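K.L.:
Sequence lines, in order, name chains A and B.
The first sequence begins at 1 in this note's numbering and counts up by one.
The second sequence begins at 1 in this note's numbering and counts up by one.
Take the hints with a grain of salt, since some may be wrong.
One copy or two, either will do: identical chains are not told apart, so a pair holds if it fits within one copy or between any two.
[As the list claims (entries may be wrong)] Computed cross-link-like contacts, EDC-like style, restricted to lysine to aspartate or glutamate with a CA-CA straight-line distance of at most 16 angstroms:
| hint | residue 1 | residue 2 |
| --- | --- | --- |
| 1 | K28 | D96 |
| 2 | K347 | E397 |
| 3 | K422 | D11 |
| 4 | K347 | E378 |
Hint data in this document are derived by calculation from the structure and do not stem from the laboratory.
For clarity, every value in this text was computed on a predicted model and none was experimentally measured.
Protein chains: 2
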Amino acid sequence: MTRITAVKTYDLRFPTSNTLSGSDAMNKDPDYSSAYVEVSTDADDGITGVGFVFTIGRGNDIVCAAIDTMAHALVGRNVEELLDNMRIAWDLLVHDSQLRWLGPEKGVAHMAIGALLSALWDIKAKRAGKPLWRLLGEMEPEELVSTLDFRYLTDALRPEEAIDILRDGQRGKQERIANLLEVGYPGYSTAAGWLGYSDEKMIRIAKEETQGKGFTLIKLKVGQNIDDDLRRLALAREAIGPDVRLAVDANQVWDVPQAIEWINAFHEYDLAWVEEPTSPDDVLGHATIARAIDPIPVATGEQMQNRVLYKQYLQANAFGIMQIDATRVAGPQELVLEYLLAAKFGKPVCPHAGGVGLCEAVAHFAMFDYVAVSGTTEGRVIEYVDNQHEHFVHPTEIRNGNYVAPTAPGNGTDMTLETARKYVYQGN
Amino acid sequence: MTRITAVKTYDLRFPTSNTLSGSDAMNKDPDYSSAYVEVSTDADDGITGVGFVFTIGRGNDIVCAAIDTMAHALVGRNVEELLDNMRIAWDLLVHDSQLRWLGPEKGVAHMAIGALLSALWDIKAKRAGKPLWRLLGEMEPEELVSTLDFRYLTDALRPEEAIDILRDGQRGKQERIANLLEVGYPGYSTAAGWLGYSDEKMIRIAKEETQGKGFTLIKLKVGQNIDDDLRRLALAREAIGPDVRLAVDANQVWDVPQAIEWINAFHEYDLAWVEEPTSPDDVLGHATIARAIDPIPVATGEQMQNRVLYKQYLQANAFGIMQIDATRVAGPQELVLEYLLAAKFGKPVCPHAGGVGLCEAVAHFAMFDYVAVSGTTEGRVIEYVDNQHEHFVHPTEIRNGNYVAPTAPGNGTDMTLETARKYVYQGN
Chain A
1 MTRITAVKTY
11 DLRFPTSNTL
21 SGSDAMNKDP
31 DYSSAYVEVS
41 TDADDGITGV
51 GFVFTIGRGN
61 DIVCAAIDTM
71 AHALVGRNVE
81 ELLDNMRIAW
91 DLLVHDSQLR
101 WLGPEKGVAH
111 MAIGALLSAL
121 WDIKAKRAGK
131 PLWRLLGEME
141 PEELVSTLDF
151 RYLTDALRPE
161 EAIDILRDGQ
171 RGKQERIANL
181 LEVGYPGYST
191 AAGWLGYSDE
201 KMIRIAKEET
211 QGKGFTLIKL
221 KVGQNIDDDL
231 RRLALAREAI
241 GPDVRLAVDA
251 NQVWDVPQAI
261 EWINAFHEYD
271 LAWVEEPTSP
281 DDVLGHATIA
291 RAIDPIPVAT
301 GEQMQNRVLY
311 KQYLQANAFG
321 IMQIDATRVA
331 GPQELVLEYL
341 LAAKFGKPVC
351 PHAGGVGLCE
361 AVAHFAMFDY
371 VAVSGTTEGR
381 VIEYVDNQHE
391 HFVHPTEIRN
401 GNYVAPTAPG
411 NGTDMTLETA
421 RKYVYQGN
Chain B
1 MTRITAVKTY
11 DLRFPTSNTL
21 SGSDAMNKDP
31 DYSSAYVEVS
41 TDADDGITGV
51 GFVFTIGRGN
61 DIVCAAIDTM
71 AHALVGRNVE
81 ELLDNMRIAW
91 DLLVHDSQLR
101 WLGPEKGVAH
111 MAIGALLSAL
121 WDIKAKRAGK
131 PLWRLLGEME
141 PEELVSTLDF
151 RYLTDALRPE
161 EAIDILRDGQ
171 RGKQERIANL
181 LEVGYPGYST
191 AAGWLGYSDE
201 KMIRIAKEET
211 QGKGFTLIKL
221 KVGQNIDDDL
231 RRLALAREAI
241 GPDVRLAVDA
251 NQVWDVPQAI
261 EWINAFHEYD
271 LAWVEEPTSP
281 DDVLGHATIA
291 RAIDPIPVAT
301 GEQMQNRVLY
311 KQYLQANAFG
321 IMQIDATRVA
331 GPQELVLEYL
341 LAAKFGKPVC
351 PHAGGVGLCE
361 AVAHFAMFDY
371 VAVSGTTEGR
381 VIEYVDNQHE
391 HFVHPTEIRN
401 GNYVAPTAPG
411 NGTDMTLETA
421 RKYVYQGN
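This is chain A alone, in the form it adopts within the complex (with noise of 0.2 angstroms):
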């Protein structure tokens, strides 16, 4: 028997903002950031489990703060025993009567516990000695299902009606696991798409991404002029040619009615999607845009709180792409209940990713989908861009435009403390 002897943080604050990479109506200069989280135990295999959130400056402190009172509930157990079902874990910190009251499940809280689950699924992945991906997508279907709650989810989906999509999933995995193996998962790449860039820039990199590196779709931030947002679509368009496909990310900045107005205004350019329309909390909202923008199909997730949200999106039809962020919601059974939504609703999944470390950790849920819930990545993407993955012992690999399938035990988000240390917040 081990137990877990230590939960350290590191509030990790990069100087992203020098540059305007990341910049978009909603969110003018980001230091993207990372409240990173070790979880040690007494075994002697060397194994730390590691999990983070991303932030993008600002507060990754009051993360790092979070995840410090949260650990209380963790150490000292039992490690296999925790391991042995990731339900416990969840139940202690999800459903803590006393910390419930600070979300319930959202925001600072719910992330915090989200890192705290992640770092624990990684122990358990690096024990057995596989990524994260091949651990979720091996698991028989009512061992997963038994590490899930339900709790709130029961008139959209039951643990049996679960288990039954899981079992549906095993036809072809094997082949699955190889193909995605030689081949890889589709990227998409927003490295072109940031407000702050001039024209020139703008398409320079669109030409870069699609003809030199082979991603199929892009994305451009929109949202803060009209006037802008249609000549960078035609510049856009006329740069990447008409067999890429262009999606757009509006970044939360409109009103209902001002959405409407402003996205019927690109129907000629033929987009893939309009991302974040209006504020993530807003189903009808985005119900009533999915309705008015037809056929052009409204996407969110990156900043959905949790799977209640998402249950709603789904029975409102609110959205026809549903994205997912890998630090946004309580960890890996919450991302498994998210891809288990969506499979139920039919609706594709393409996450959310590009901040430092999202890349890395998204890929492992993506993959687990194709392998054992939805078996196809047709209409599917994970979101790239290339930053901060040099601070990563296992950095996310794009080939051909794709997500190489990692192949290092655990969730993929260790990071080069050695590099990393260099980026450890001393206050302001």
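Starting from the structure of chain A, add chain B where the hints point.
P.N.:
Okay, now just chain B, sitting in the frame of chain A:
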């Protein structure tokens, strides 16, 4: 000109889990707590602004950490400029482009902002020599509306509509102020209803609260065991007689199908409302429940994260009684918006209170509504529990079951720190 010189937080925790006062189906052992903040200036008027976030124990330190981080945006600022239009402080905190990532507008970060904005409004009211309800009620409609943020609301409530509602509220205002000062505002009691209490204790307190103290509505906690619920409802109805209203509160314990089945066993008890049947995030779920249990009204709001959720509940007709909480959202400006939304959709608001400081705080908003928005107390009551009032400089007073209108300048939540400092958390 004066400046903000310091923001100091206190992590105050009261060991209420010893008595099971406050226990319900979801919150088995709360330790009522306050993340309390003082905002000081260099004015020589002796005024300190106070605000707080109510929590139920673990995690109160995380809220204090969030307030400390947010405070950087205020220290050194010109006080008069901030007080002149509180929209500036709202924008500094709610729309900080980096901090926004922690929500947006929900959970720990949003509650921390609420405590700081409350403290600024407290300074404004104290400098004006008025209780907050009267300061808000006597502001010109245009002046008050200029402090409010309608982002994400304009599909339901536009600024010009808000001004119209407040203009209508001018008629008869002086008589209502006089009436409020004379008779107060109706309260209701939850003192009898905690799940941890024996039947005998529940009956005794139910009689004291109604026949003794004059409350005309009491509330029982339900949702742990249906046989217990039905027995307690029958006993309570017998104890209070047919003329006192009876509400129940499930504290989010059910899923949607289970809520409908459970509540439909309650029809014979003539319930004033069923509170928090499921997750506060589930707009569509509440709408489904509301339709299925008609004519019993659904009530919710004490954990409603922000104005975007209230908007949707109103648009979807998902509750019959709107509740609000004084420290869940971003302070007085968001609370005023909640009342304006309720007025637009014609729903009565019955505020949540009872936790340490919540009665003191929320009464000001209910009274502002009576004076300047809805103009009525018909169908409206403020929750009351006799908890921790002794720690306040101006504790809530109840007379004949009514909240007495506060007359002391400010928001009414100054704590007597000689007492409260005994409860500063020493760590675990």
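K.L.:
Run every hint past the structure and note whether it holds.
P.N.:
Each hint, compared with the structure:
In the homo-oligomer, the alpha carbons of K28 and D96 lie at most 16 angstroms apart only across protomers (10 angstroms), although the nearest pairing inside one protomer, at 36 angstroms, exceeds that limit. In the homo-oligomer, the alpha carbons of K347 and E397 never lie at most 16 angstroms apart, since the shortest distance is 27 angstroms inside one protomer and 55 angstroms across protomers. When the C-alpha separation of K422 and D11 is checked against a cutoff of 16 angstroms, the pair qualifies only within one copy, where the shortest distance is 11 angstroms, while the shortest distance between copies is 33 angstroms. Taking CA atoms no more than 16 angstroms apart as the test, K347 paired with E378 passes inside one copy only; the shortest distance there is 11 angstroms, against 46 angstroms between copies.
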